[in-house]
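K.L.:
Here is how the chains run, residue by residue.
There are 2 protein chains.
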Amino acid sequence: MNLSDYVLEFLEKKNVKNVFTITGGAICFLMDAFSRNKNITYTSVGHEQAAAMMADSYSRLGPNFSATMVTSGPGATNLLTGIACSWFDSIPSMHICGQVNRHELASFNKSTKRVRQVGFQETNIVSMAKPITKFCYQLKNENEIRYVLEKAFYISQTGRPGPVLIDIPMDLQRKKIIPAKLKPFYVKKKSIKKQKLIKQIKDIIYNFKKAKRPVIIIGGGIRISKTNKKLLSFLKKFNIPLVTTWSGIDSITHDVKNYIGSIGVYGSRSANFVIQNSDFVLSLGSRLDTRVTGGVPKNFAREAKIASVDIDKNELNKNRGLKINIKINESLIDFFSNFEKLSDNLVINKLDWLKKSISWKNKYPIVLNNYRSQKKYVNPYYFMERLSNFLKKDDIVITDDGAHLTWTIQALKVLKNQRLFSAFGNSPMGYAFPASIGASIALNKKRIICIDGDGSIQINIQELQTMISNQLPIKIIIINNNGYGIIKQFQELYLNKRYEAVDSQKGVTNPNFLKIAKAYGIKYSEVKNNSNIDKVLRNTIKSKNAEFINVFVDPNQKIIPKLTFGSPLEDLSPQLSRQEFNENMIIKSVNKVNKLTESN
Amino acid sequence: MNLSDYVLEFLEKKNVKNVFTITGGAICFLMDAFSRNKNITYTSVGHEQAAAMMADSYSRLGPNFSATMVTSGPGATNLLTGIACSWFDSIPSMHICGQVNRHELASFNKSTKRVRQVGFQETNIVSMAKPITKFCYQLKNENEIRYVLEKAFYISQTGRPGPVLIDIPMDLQRKKIIPAKLKPFYVKKKSIKKQKLIKQIKDIIYNFKKAKRPVIIIGGGIRISKTNKKLLSFLKKFNIPLVTTWSGIDSITHDVKNYIGSIGVYGSRSANFVIQNSDFVLSLGSRLDTRVTGGVPKNFAREAKIASVDIDKNELNKNRGLKINIKINESLIDFFSNFEKLSDNLVINKLDWLKKSISWKNKYPIVLNNYRSQKKYVNPYYFMERLSNFLKKDDIVITDDGAHLTWTIQALKVLKNQRLFSAFGNSPMGYAFPASIGASIALNKKRIICIDGDGSIQINIQELQTMISNQLPIKIIIINNNGYGIIKQFQELYLNKRYEAVDSQKGVTNPNFLKIAKAYGIKYSEVKNNSNIDKVLRNTIKSKNAEFINVFVDPNQKIIPKLTFGSPLEDLSPQLSRQEFNENMIIKSVNKVNKLTESN
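Residue numbers (the numbering used here), protein chains in the order written: chain A, 1 to 600; chain B, 601 to 1200.
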């Protein structure tokens, strides 16, 4: 058995069914192992960046993780933006890069340590990927392979998950190995600090009881730790408002009455009023970053005591203005199971507060009536409302980056076992489409709803061929505002409408999507105004094919509401009249900080 | 004046006419400066990777260098494969990345140093780009800007050139500055070691006189140092054979009688016989890497004394088996001008040796008669021969990576002021097409011949839109072997024809190029066999438009000749009969090293 066969067998044992790849000189021997292993397959893609994004979404959804295999040099560097998606969103993906023979490495010979390149397509990918991986290692000899694979796997899955990269020189790929003689990786399982956790849980229960206006924030950690079922039984004890972050958006069905909305810079007015007026916050698996808190963290939930469960102690110990009173640095699994033991018959009823919260939700819906009656162009908020109606209970929606992401997260109603995600932290253009391919492959050619922008679809448009050749029923919905709408809104607000590099007036043009779709043999539809949304969705969402749905929205369509720079989270723009605003505030508001603090 | 205006003014003063960009949140203020500066423009592209490749080719051809401007996070990481092209091929490009506000950087606050991300789309691009840039710096305050720009520019252009990256936080982009008060960058010009150089040049002249079979290798350093005219007057003193590396392929017109061919793993038999039988070698601006020397460097020109002029002392001091007897670590400019002074009336005549070399060139041409008479499919070698005939004296040909690159370099006859290049060191799929766009923009919408593969065009296919919207007359010639031919040849040779991930049998499929071209409104032609090459080239090369020319070659078409693993450079495959081989060898040949030493 050679080392390449061993690598495939390892992946197979870890329940990896499919690897995403572009072959190349330095990965040839690893790819050759597929000819001898029929239990694992690969998908050849058009660009390694897309391969990494496919592996990312596969790892979000699949029974286990996925991997990429790529060649050295550009093959490896092409992965980096995709790996960064897994890094910032805590996704355990594995990336296996071929490398030049060991004796061709610049580092092999003292005299060549400072030479730019020795072997053909040699690149120091380990140094380049280090800032965005949990573990990144170049294999030194064949006998390390078991240890390194097991260690990489363990690290990627344990604690706060994340991507790992293993760089394997060609000469090692074809080395003979004797599996029984390979050194394994052992790890002492980290035990939880039980006494501390019990004390903290009791403290949380005490605070919930004492609080008048408590709220629970549901973050992305729920899906990452696969505790969504535990969350549901936990929530049964609480009759209080629930809010989510963007990453937590699909960890709860939106039709439960105490779900108020998502919080943050692009949150809903109702959810932001809830969080800002609260007096006790329990955050479950959220890093509470500035997109959640607003640009001035000390203004976030500023009269509340805050408890936060986060597996990453670095996130809990950020000292940027937001004070976390109860820092629980344990997994959500351990938190929920210990909470369960300590909360027999516990019920937290804050019915007046819940009623107030629900009244906000009813008073400030995202989708307004005038959106529904809009005559010209499709209103994206109304579109999302209608799209929700056409989805099945286990549909998967993946969105890209930009204005359409915001519209989707704000207005799509996520139900039951549906999924809705993007690469939230890295937020690259071009994620949603390859991620939809990875998702469909992970789930046995399941239909996937891909919501993309006219700008962002360009980035990985080459994967249309991968979708077609693998016959994947992906519904590509382009929310077409003919340019980079989110940047345009920024230029309008802060740069006196000096529009540079955002639309066709300044050199940003779209191809003819109808012709592109036809070139690849994809069915194409257009939605030009609200009145034909239903008809098009009816014909496309249920079809067995891939579909390209071009939805025209006003090029000047805004994101509503949106926090402007320096305002506290409760005071979203367009601003309410001061009277109405003040009526909603139970605590005192603060003045706007007169400083640009957010990036976009 | 704000810092962003200053950056643009700096670029303008350095003769940068155009910047390649995709806008985004963190680069908005820098892009806004274009609204106030009419002397510099930008091109919005479809993917930042392409922007970096455009800047690379622009810098190869333009009057000066070019730059990219991209947003933080994915915008910046998307550049990396393109930056690596500049790094390995010594191209001075500049990359300006937006970054989150300084107070949002993880590094800003001690408590967040180990957090994955603080600001939205924050990524540590400086660490990631360090291995592939000469200078990579995150701006700390606005008063550094002049110093940092001048330093970055100086470093990128001086010594062995290369790319530089400057990361500019958003808050600094909009800071007011007073140019007169900014600290400049001063550098003491490094003086050459004149006495040593004179001694070395005398030594070289002595060796040329003494040698029976001297040869000059022309490397990529000639174009990088812009010494092609100096080279021509230098060469007038020599009636000896001349050979090139791949990077040096366009530094000499191929119709001079003493040009024998290119050397190396995919070199010509004639040039390899010349170099291997030589007794004195002068290498001008080549790093003499293993693609030039073969996998066993000690077998390269093994009976010759070797002199090498290389600006990078690390390359000269590689201790991997190849012995360089005279190491000249000076610029080619200084080498040529001092040589000129020391060589009045010098003429090196080795006419018998030159005659022998020319006889090899005539006996072992790349393009064989049976290629010309091939009936089925287009023969790529013959195609290149014909293409040469249709080119003007200043045409620019850019090729991608893979089999078609090899065919082009082997068979295209480069004349007069023509250019022929690829990203030789990094050798990514997807370079040629965006590089052609960069080249066309650098040269006032000049026509560019882009030779690409059916596999590699996928990587940056989104730039078809950039080409069309900028009305660039690029002739995209796809040498279509329906898969990854160079890898397939490897699998045939070394993996017993176990073809994985190389063609449509195993999931690598092409889109319908006719339909793709039509979708973008590009004229499309096909060349299906040798007999219609001329007709199609006649109609397309001279047209004023972009053209898409799909050239069908046999999916099993080989690269001929090619060095197989372990063989010495003189013994290319398909191997000559041992009798014929031995008749060509003036020195003794060596046995094949029975070891796989090359990557592909």
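Some hints could be false.
Stated by the list, open to error - Restricting the straight-line Cα-Cα distance to at most 35 Å, the calculated cross-link-like pairs of lysine-lysine (DSBU-like) are:
| id | chain 1 | residue 1 | chain 2 | residue 2 |
| --- | --- | --- | --- | --- |
| 1 | A | K592 | B | K713 |
| 2 | B | K810 | B | K788 |
| 3 | A | K113 | B | K1162 |
| 4 | A | K140 | B | K836 |
| 5 | A | K506 | B | K992 |
| 6 | A | K176 | B | K898 |
| 7 | B | K613 | A | K446 |
| 8 | B | K730 | A | K229 |
| 9 | A | K113 | B | K976 |
| 10 | B | K613 | B | K810 |
| 11 | A | K305 | A | K210 |
| 12 | B | K1192 | B | K1106 |
| 13 | A | K506 | B | K830 |
Claimed, not checked - Not the full set, but computed from the structure, chain A residues with beta-carbon under 8 Å of chain B:
| id | residue |
| --- | --- |
| 14 | T43 |
| 15 | G73 |
| 16 | P74 |
| 17 | R116 |
| 18 | T123 |
| 19 | A180 |
| 20 | A211 |
| 21 | N314 |
| 22 | N319 |
| 23 | L322 |
| 24 | Q418 |
| 25 | R498 |
| 26 | T509 |
For the record, the hints were derived by calculation from the structure and aren't laboratory data. Yeah, the Cβ is synthetic: ideal placement off N, Cα and C, and Gly gets one too.
K.L.:
Now look at each hint and say whether the structure bears it out.
P.N.:
Results for each hint:
Restraint check for K592/A and K713/B: satisfied, since their Cα atoms lie roughly 28 Å apart, inside the 35 Å limit. With a CA separation close to 40 Å, the supplied pair K810/B and K788/B exceeds the 35 Å bound. For the suggested pair K113/A and K1162/B, the alpha carbons sit about 29 Å apart, so the restraint of at most 35 Å is met. A threshold of 35 Å between alpha carbons decides the hint, and for K140/A with K836/B the separation of about 50 Å lies outside it, so the pair is violated.
Among the hinted pairs, K506/A with K992/B is consistent with the structure: their alpha-carbon atoms are about 34 Å apart, no more than 35 Å. Between K176/A and K898/B the alpha-carbon distance is near 28 Å, which keeps this suggested pair within the 35 Å criterion. Proposed proximity of K613/B and K446/A is contradicted: the alpha carbons are some 56 Å apart, above 35 Å. A threshold of 35 Å between alpha carbons decides the hint, and for K730/B with K229/A the separation of about 44 Å lies outside it, so the pair is violated.
A distance of roughly 49 Å separates the Cα atoms of K113/A and K976/B; the hinted pair therefore is violated under the 35 Å criterion. As the CA atoms of K613/B and K810/B are separated by approximately 50 Å, the hinted pair breaks the 35 Å bound. Note on K305/A and K210/A: the hinted pairing holds, with a Cα-Cα distance of about 11 Å set against a maximum of 35 Å. Of the pairs offered as hints, the one joining K1192/B and K1106/B holds, with about 34 Å between alpha carbons and a cut-off of 35 Å not exceeded.
With a C-alpha separation of about 43 Å, the suggested pair K506/A and K830/B falls outside the 35 Å cut-off, and the hint is violated. Checking T43/A against chain B: minimum C-beta separation of about 7 Å stays under 8 Å; hint holds. Interface hint at G73/A: satisfied, since its Cβ lies 6 Å from the closest Cβ of chain B, which is below the 8 Å cut-off. Checking P74/A against chain B: minimum C-beta separation of about 3 Å stays under 8 Å; hint holds.
A least Cβ separation of about 6 Å between R116/A and chain B falls short of the 8 Å threshold, and the interface hint therefore holds. At a threshold of 8 Å, the smallest CB-CB gap from T123/A to chain B is about 6 Å, leaving the interface hint in force. The beta carbon of A180/A comes no nearer than 27 Å to any beta carbon in chain B, farther than 8 Å, and the hint placing it at the interface is violated. Interface hint status for A211/A: violated, as the beta-carbon distance to the closest one in chain B is roughly 27 Å, over 8 Å.
At its closest, the beta carbon of N314/A sits 4 Å from a beta carbon of chain B; the interface hint therefore holds under the 8 Å criterion. Interface hint status for N319/A: upheld, as the beta-carbon distance to the closest one in chain B is roughly 4 Å, under 8 Å. This hint is violated: L322/A has a C-beta 11 Å from the nearest C-beta of chain B, more than the 8 Å allowed. The criterion of a C-beta within 8 Å of any C-beta in chain B is not met by Q418/A, whose closest approach is roughly 26 Å, and the hint is violated.
For R498/A, the shortest C-beta to C-beta distance to chain B is roughly 4 Å, which falls under 8 Å, so the interface hint holds. Against a cut-off of 8 Å between C-beta atoms, the interface hint on T509/A holds, since the closest Cβ of chain B lies about 4 Å away.
Against the hints set out earlier in the document, violations occur for numbers 2, 4, 7, 8, 9, 10, 13, 19, 20, 23, 24.
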